[in-house]
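Dock chain B against chain A, hints included.
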Amino acid sequence: MSSSTTISASTSSVDDPYAVAANAPTTFVVAPMSSDAPAQRRRSLSGVRRTDGLAIVGALAAAVSLTTILFTQLAPFSGPLGFVLVTYLLFVGLYALLVSFDESGPAVRDRVVATVVHSLAILLLTALVCVVVFTLLRGLKALVHSNFYTQDLTKAGPLDPLTVGGISHAYVGTLIQITIALLITVPLGITCAVYLNEIPGRFARLVRTVAEAMTALPSIVAGLFIYATFILILGFPKSGLAASLAISVMMLPIIIRAADVVLRLVPGSLKEASLALGTGQWRTVWHVTLPTARSGLATAVILGAARGIGETSPVLITAGYTASMNTNPLSGPMVSLPLAVFEQIKNPQPASIARGFGTAAFLLALVLVLFVVARIIGGRGPGNLTARQRRRRAAASARDAQRMASASTRTPAVPVPNP
Amino acid sequence: MSVTSPPVTVVRGSDEGPRDEQKRRDIRPRYDLPDKLFRGVIRLSGVAVLAIMLAVGIFLAYRASQALKAQGFHFITDSAWEPDSRNFGIAGILTGTFLIAMVAIIVAVPLAMGTALYISEYAPRKTKRSLTSLVDLMAAVPSVVYGLWGFFFLQNHITGMSRWLTTYLGWIPFFKVSGFDKNDPLAGPTAFTSSTLIAGFVVGLMVTPIACSVMREVFSQAPAGEREGAYALGATRWGMIRSVVLPFGKGGIIGGTMLGLGRALGETIAVYLIISPVFAVQPHILENGASSISSTIALKFGAATQFGLSALFAAGLALFLVTLVVNFVAATIVQRSRSGAESDA
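Chain order of the listed sequences is A and B.
Here the working numbering is used: the first residue of the first sequence is 134, the next is one more, and so on.
Here the working numbering is used: the first residue of the second sequence is 16, the next is one more, and so on.
No lab work stands behind these hints, which were simulated from the structure alone.
Keep in mind that a hint or two might mislead.
Stated by the list, open to error - Which chain B residues face chain A? A few, computed with CB under 8 Å, are given here:
| hint | residue |
| --- | --- |
| 1 | Leu75 |
| 2 | Arg78 |
| 3 | Leu126 |
| 4 | Asn171 |
| 5 | Ile173 |
| 6 | Gly331 |
Just so we're clear, the structure is a prediction, and the values are computed from it rather than from any experiment.
All C-beta atoms, glycine included, are put in the ideal place defined by N, C-alpha and C.
Looking at chain A on its own, in the form it has when it is part of the complex (with noise of 0.2 Å):
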């Protein structure tokens, strides 16, 4: 996370100047000093042109009205997906054919290409913000009641309306279970990260390979481990608790890998500088390393929680359902909100699929949360501070500085005794 934005970022401060010269090589001559010389114009160093811009409206333009002449009167085509995609495709051709007028091979073959990323980047986009607006759309008919956030389903059968049961007994029991599954996971990931930063050597090279080899571990998988041990061979019942097992280790990995990135970024000079002063290994590590990488470790436990939160799988096999609140963790079957999502979507009654959407956009909008957050925390890399921490520090800084001069003009002669 924090290692791609640092490198983007210097890489990106290099790139750009090009951006002109690619799309139109200019040279400069210097204008004669002559006062009877015509006013010069400035010259548009932007690398777009008003043609540019014409292609592109033009082709569209001709692409939606031949397609639309194409579905209407020629061809036996129908339906919006078909619409839009023989429109691009006639887009992308005429746009080429226009540029082409004007430009040589290489050129036109750029602003093909740099058509298609686009349209792929907006599609991409475009589909995100679908999935995202769907769900929320869809869920808003349920969630306007209140009463959706403060009962359970215990009175609510899928036939009941809107006004009767909601999802409180979801919250609540993904609420306990990815606190059990963070308590678990934060301090044997983050030991584990740091033990393969300090200690390197054969072993935690293997360590770090099972460890990366397990991100992709289907979760299901996951779930059926805590099943065949937990429930099975040590004979305790479906719960929350053997549901937080599941989520543990199929989090586990997410957090080892992305804590071990950001550890490996704390800059070395600070751990030297540390044990240069006499500290031992593992002060250096509490009070260097752990605070100075603490930023990204933070988003590393927030995204996390993020992937545990929205896991259906894991939850489905070794949590069981109920439709009443049980804020034990150790007896009695525990619902999560996706695990809720999904059996209410199975049933075919609409008040039992508005109410999934419901619990679907209360999901999806805790997700984002959490995501936003884990990017205002995270968002820099290690050593680099927010404004009000740079204030902060000055301040200090400057509060010992005054301290130290008052100390030496006391007592000019006398050196101070080190405590």
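Relative to chain A, chain B alone:
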């Protein structure tokens, strides 16, 4: 990292001094008690993590052994799933898993590559960070939400395309739909719902951000010197991308694709919500009915007998091994490409 020992200053003896009095100093790091404890604790955590990860594999294998012993080689060649009458195998569901993953990869790779190129090469510098965040956000959206979207939204819009494909390209074996007559104007869309194609589309959208973030990172590491060289030789932007960024990012493209493939193989809930399960080798991706290992486990584990569970564990083990291999290869390729081995600049 490697600097863990307390600083040691080695003073060399002067040449006139008696040599034999000098003892060679011990330069091994010495740790005091808290440090020893600390090293013990973190080493223990490493061992614990390794033990958990290995336990996952060992327990799966242990629980699966009963079914594997009973079925032997038929476990790979049979495609029905009736464990209680000793008639089951993963030929059908493994094929289904791979078909869904293939559709997903075909959808995801162009999208991921286009977006990665856009973010690293075309996007204005100010928007790069927020675009990266948006793509990462897409990876954090829960899979059940994608499943809902695919089932209630995408399915209604994509059946028209399925019908068009099978009408005009039905001679390709993958696009055949049995029981569909293209001359029957009343044939409804039900022959095309819950198909491999729809599940693959949704899974493709889910794995795109994963592949995209790997590719973007590798693209943005393309050496500045070679970029400038390409521009200096008069290359257009696409010329520069084709001759510098893409060759440099080859490892990232392959690795990101395989990482996405690993996720696509293991996806459960979105697939479960969309497909209607069939237990046979079903290569027709447009047709109603599909299957995957993970959705079979989610579907069957509730009512399974002792032996049926063992069969599900065997299927889970097969899936686990496949994803492990795919992911391992992906990680190796990405790591090799990150070390900059392919560029001397």
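Status of each hint after checking the structure:
With a cut of 8 Å, the hint placing B/Leu75 at the interface with chain A holds, because the nearest CB-to-CB distance is about 7 Å. The beta carbon of B/Arg78 is positioned within 8 Å of a beta carbon in chain A (closest approach about 5 Å), and the interface hint is therefore held. With a cut of 8 Å, the hint placing B/Leu126 at the interface with chain A holds, because the nearest CB-to-CB distance is about 5 Å. Using the Cβ-Cβ criterion of 8 Å, the hint placing B/Asn171 at the interface with chain A is not satisfied: the shortest such distance is roughly 10 Å.
Hint on B/Ile173 holds. Least Cβ distance to chain A is approximately 7 Å, under the 8 Å limit. Against a cut-off of 8 Å between C-beta atoms, the interface hint on B/Gly331 holds, since the closest Cβ of chain A lies about 5 Å away.
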